[in-house]
Structure formats: C-alpha cells, structure tokens
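J.: Given chain G, work out where chain S should sit, using these hints.
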Amino acid sequence: MANRFCVSLTHAKNDPDKATVGFVVANAAVGSGKETLVFLSVEGVRLAQKGYAEDIREEGFAPLRELMDNFAKAGGTIYVCSPCFKKRKLDENNLVTGATIVGGAKLVEFLSDGSPCVSY
Amino acid sequence: MSEPRAAAVDREWDAGELGCGELVLELRGRVQAMAPGAVLRLIALDPGAPADIPAWCRLTGHALLDHAHPVYLIRRKET
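Here the protein sequences line up with chains G and S, keeping their order. Under my numbering, residues 106 to 225 are what the first sequence spells out, in order. Under my numbering, residues 2 to 80 are what the second sequence spells out, in order.
Hint data in this document are derived by calculation from the structure and do not stem from the laboratory. Note that the structure is a prediction, hence the values are computed from the model and not measured. Check before you lean on any hint, since a few could be wrong.
[Said to hold, decoys possible] Only some residues are given here: those of chain G computed to face chain S with a beta carbon under 8 angstroms:
#	residue
1	ASN132
2	ALA133
3	GLY138
[Said to hold, decoys possible] Reference listing, derived: stretches of chain S covered by chain G, where coverage requires no fewer than 3 residues with Cβ under 8 angstroms from a Cβ of chain G:
#	stretch
4	11-23
5	26-36
[What the hints assert, rightly or not] In silico negatives: residues of chain G with every beta carbon more than 12 angstroms from chain S:
#	residue
6	ASP120
7	VAL147
8	GLU148
9	TYR157
10	ASP160
11	PRO188
12	CYS189
13	LYS192
14	GLU197
15	THR205
16	VAL207
17	ALA210
18	PHE215
19	CYS222
Where a beta carbon is used, it is the ideal one built from N, C-alpha and C, also for glycine.
Just chain S, same shape as in the assembly:
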C-alpha cells in the first residue's frame, strides 16, 4: 500500500513502538495542541495501531483522513 498523503501536513509525530493507552494519551495531548483543522502525520509501529487509531478517531471526533500502517493522517476537529 502506498503511503497516504494529504495536501498539507502541519505536524508530524513518530510514536515509535508506543501502544495502547500510552499511545492514545500522548496522541490526545499532541492533537489538542494543534489548531482546529490542522493535520497530524502519525507514525505508530504498534501492532494494535491499525485497530486503535481508527477507534480513537471515532471516539474523539477527529478525522482519520487516510492510513496505511504505520502512517496515519489525522485532522483535528474544529471544536
């Protein structure tokens, strides 16, 4: 699968091997620190990430623009 691309990536974060609660708690802080509508390019190597990151986006309302493990493009919600 080719790497997902967005028109503009505002931030990048390589989460390395972080997973589960450690990953999403840190992800929360990083996304909250971004401006509404900004896009984060996340690299998450954890084998749970393909299931967890889409679930986290559904729970929090942030948009998962594209993903091809281990790369995830997340757009911060407007509010």
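Extracted from the complex, chain G is given alone in its bound form:
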C-alpha cells in the first residue's frame, strides 16, 4: 500500500464545495497516517493566499480556513502551481502555512513513488 496520498484541487471561490471537500479528503488521508499533498492549480491557487479562505464556509462542513489549518498542523504539504499563481498575479510573500510554490517536477516527483491522486 502506498504511503503517500495526493489531492489535486483546481477550485476556490468559483466552487467552494469542491474546495472544501478537497481539504476534507486530504485531512482523512493525513489523519490516516499518509504523507499527504494537496496540489493547488488553476483557480485553486487562490487558496494559498492568507486570508482568502476566511469566508468559505460550506453547510455541513467546518470552515475551510479551519480545515486548512488542521491539515498544516497535522503535517500536510501544499504545493502551489507556479505558472497558475503567476498568471493570477498573486503574492508569493503571503502564503498560508505549509504552502510552497512549485513547478510540475515537484508534483511528478511526489507521484512517482506510486502515490494515488484524487481530483476536485
């Protein structure tokens, strides 16, 4: 069984339901002892900005900010797609805890040991 788990998340406020569920599943993975990566790309990169997720709160779920904080505290990793981030002219000095801006090679490296990946 692979010891890694990846959640690929491409949405932010354009689909807060998907953004929230992506982190819920990531927390299930990190909570089950997996080395867990959330890969933010396309609109999802906006979640990497401090403060952005503050007002995302889906019915039936904890607030997204809380889900993201718990993920980081549990040792989860967030990779942020560099070209997606740059295209949106976001601030690389204002990243949430646990987030790193990376190129595709870092994602490929993480997945290359046989990590499963689910996408939202």
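T.: Quick look at chain S alone, frame taken from chain G:
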C-alpha cells in the same frame, strides 16, 4: 446489538456528528495522545463511521476491539 465493552476503557470521546476527514484527523490526535495499549471508547454518529472507523484502524494499525455503531472501542498500537 448490545454496546461493546472492554475490560478497561482509558478515554472516551463523543465525536457527535463529525465525519470523514474531520473525524479521523481529530481521532488521530486523540489516539496519539494516549499511552500505547490504552483503549478509547469513541462515539461517532456519522453514517459513514461504520465503514470509516474500521478502515482507519486497518490503515493506522490501531486495533478495533469491538464496535456497534455508534460506539467503537479502539486500542492504541504499541509503537
């Protein structure tokens, strides 16, 4: 089904309606804070818990001593 019982329960946690990742992440922290071999009596009302809690125990190596939804007896692994 009668409620599962263990010889000794060291901790209890009523997780209420928590489910999915929110449940298992909090569960992880609580079990890790227990001594090796200690037993947690968990109450989890989420309808996914009967499938999720046994799966979580298989993934993490903690022992599911007994369960009758919504009560689960989990023994922390030794290491």
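J.: Hints first: check each against the structure and report whether it holds.
T.: Verification of the supplied hints:
1. ASN132: OK, holds: ASN132(G) within 8 angstroms of chain S, min 3 angstroms.
2. ALA133: holds, 4 angstroms
3. GLY138: holds, 5 angstroms
4. 11-23: holds (count 3)
5. 26-36: With 5 residues closer than 8 angstroms to chain G, the stretch 26-36 of chain S meets the three-residue bar; holds.
6. ASP120: holds, 18 angstroms
7. VAL147: holds, 22 angstroms
8. GLU148: Non-interface label on GLU148(G) holds, nearest chain S Cβ at 21 angstroms vs cutoff 12 angstroms.
9. TYR157: Consistent with the label, TYR157(G) stays out of reach of chain S, its closest Cβ about 20 angstroms off (over 12 angstroms).
10. ASP160: Label holds. Min Cβ-Cβ 19 angstroms, cutoff 12 angstroms.
11. PRO188: Holds, since 29 angstroms exceeds 12 angstroms.
12. CYS189: Nearest chain S Cβ is 24 angstroms from CYS189(G), so the label holds.
13. LYS192: holds, 29 angstroms
14. GLU197: holds, 28 angstroms
15. THR205: holds, 21 angstroms
16. VAL207: It holds; VAL207(G) is separated from chain S by about 23 angstroms at its closest Cβ, greater than 12 angstroms.
17. ALA210: For ALA210(G), whose nearest Cβ neighbour in chain S is about 28 angstroms away, the distance exceeds 12 angstroms, so it holds.
18. PHE215: holds, 19 angstroms
19. CYS222: holds, 16 angstroms
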